[in-house]
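Q: Each chain, written out:
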Amino acid sequence: MKYTILVYENESDFSARTDGARKDAYWGAYKTYTQALTEAGVMAGGAALQPPPTATTVRQRNGKRQVQDGPFAETKEQLGGYYVVDVPNLDKALEWAARCPAAANGAVEVRPNLSM
Amino acid sequence: MNHAAAELAARASYGKLVAYLATWSRDVAAAEDALGDAFLEAVDTWPRTGVPGKPEAWLLTVARRRLVDRKRHAKVEDVAAAALRLVMDRAEQKASDKDIFPDERLKLLFVCAHPAIDEAARTPLMLQTVLGLDAARIASAFLVAPATIGQRLVRVKAKIRDAGIVFEVPGRDELPSRLESVLEAIYAAYGSGWEDVAGADPRRQGLAEEAIWLGRLVARLLPDEPEAEGVVALMLHCEARREARRDADGGYVPLDMQDVARWSRPMLEEAEARLSAASKAKKPGRFQLEAAIQSVHARRAVTGRTDWEAIALLYEGLIRLAPTIGSRVGHAAALAEARDAEAGLEALGAIPPEVIDAYQPYWALSAHLLKRLGRQAEATAAYSRAIGLCEEPAVRRFLARQSSAAP
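Chains A and B, in that order, are what the protein sequence lines are.
At position 77 of the first sequence (counting the first as 1) the number is 77 in the numbering used here, and the numbers step up by one without a gap.
At position 391 of the second sequence (counting the first as 1) the number is 1391 in the numbering used here, and the numbers step up by one without a gap.
Because the hints were derived from the structure by calculation, they are not lab data.
Idealized CB from N, CA, C, for every residue including glycine.
Hints should not be assumed to be uniformly reliable.
List time: in silico EDC-like cross-link candidates among lysine to aspartate or glutamate, alpha-carbon distance up to 16 Å [claimed, not checked]: (1) A:K92 - B:E1225; (2) B:K1282 - B:D1357; (3) A:K31 - B:E1391.
Residues of chain B placed beyond 12 Å of chain A at every Cβ, according to the derived structure [to be verified]: (4) A1120; (5) L1143; (6) G1164; (7) R1245; (8) W1263; (9) A1341; (10) D1357; (11) E1391; (12) R1396; (13) A1405.
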């Protein structure tokens, strides 16, 4: 069964991506996590996203289009990327989610994929 | 009495009441609901009338009435309800006479760990029925969705009632294997991975105190069973090192690098006393062996060194009783220290590959031993596998440092 692990990061984690002193630890943690998922044979897809300021939000309301700079919602934690894992059940998906580096500072949301 | 102690005292009372009501009604869920109603009624009445002289007896009376009413509603034959009332009346008398009623918690524990109960549900069931922990707290400790835990517990309680699982302490023939399931479920509440010297950290969080409390309870209620003492000794040994596992900056400190002065002396003493009492029964078992392994580690506080040869031997015995991946990795680590890294790697190589995919301590130990042998490229790959499987940032940082440090 496929689950998506949504990775919500806080501002400090986003800035760690390019911070000279912290970026090696940041990328190292994600690289090893991705590798562990791959080698365990559960990785089914995913992507890392550019930081929230690069987001553009689009809405259609009453036939009018609204385009806005920035993410859909202003919250402390923002979507930083996602993984799709193929595992037998939710328990296993949560096990992998807990290992995601963002679980320690931000939050990680797990949802079963809708099969279409 | 500190807050945690007060909470556990309240839980002791809760567990006794649930165990008593469940044993007589043979329906855990109904017993819990009835007691829940009684608590609600207490919250409602006590502020007006004052707390009764014997609060437990008061709660028992109200819960009993609810249980009997419910049985009626459920259209159970009147005879059964009448019988139940009789039994409850006797219990109530006992309760008000001596302020005590029979402690049926042991029976309840055996029901929770009954072979007919799904293994994954046993520990959560114990924590909820005997300690009254809520699903959210259990879910966090076990890394399971709260809704899932809730459903599992409902299902399993229905099974206990519908399958007519007997509330009793098993007879002598059955006792050892049934007790093992009870102790395993208690230990599962405590955690796992402690024996892995190469970089493991507990997966379960926050239930250590509860698990030790349950272990002590079983040891007290079954004084002739040394494995119960064994599991308590094991948990106390591990718990004694809690402080020492982090340095001043919150960094992870593996067992062989811990400052022995930071180990809790009282816990180690209690662990040793229990283990030596257990050994007098001359009935060795899995938990006594595991406690003995931790006891050898603890001796470093006195001798300044670790007797790895003894640890390797104890692991050999443990693997014969319980060939878990944890004991096999622990054995490999001990062999590597007692003999050489090659011996450790060889033992790791004998572990079936299908169980190591997501087992972090295996990769951490592999990495450590490969590095010692100068097999740098393989070591780096194993380190990154171990780091990727970490949950704790402190352990992640520790392994990253090990990986980049010179051999």
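Q: If a hint holds in the structure, say so; if it doesn't, say that too.
A: Verification of the supplied hints:
no.: 1; hint: A:K92 - B:E1225; result: violated, 35 Å
no.: 2; hint: B:K1282 - B:D1357; result: violated, 38 Å
no.: 3; hint: A:K31 - B:E1391; result: holds, 15 Å
no.: 4; hint: A1120; result: violated, 8 Å
no.: 5; hint: L1143; result: violated, 5 Å
no.: 6; hint: G1164; result: holds, 29 Å
no.: 7; hint: R1245; result: holds, 17 Å
no.: 8; hint: W1263; result: holds, 27 Å
no.: 9; hint: A1341; result: holds, 23 Å
no.: 10; hint: D1357; result: violated, 4 Å
no.: 11; hint: E1391; result: violated, 5 Å
no.: 12; hint: R1396; result: violated, 6 Å
no.: 13; hint: A1405; result: holds, 14 Å
Checked against the numbered hints given earlier, this structure breaks hints 1, 2, 4, 5, 10, 11 and 12; the rest are met.
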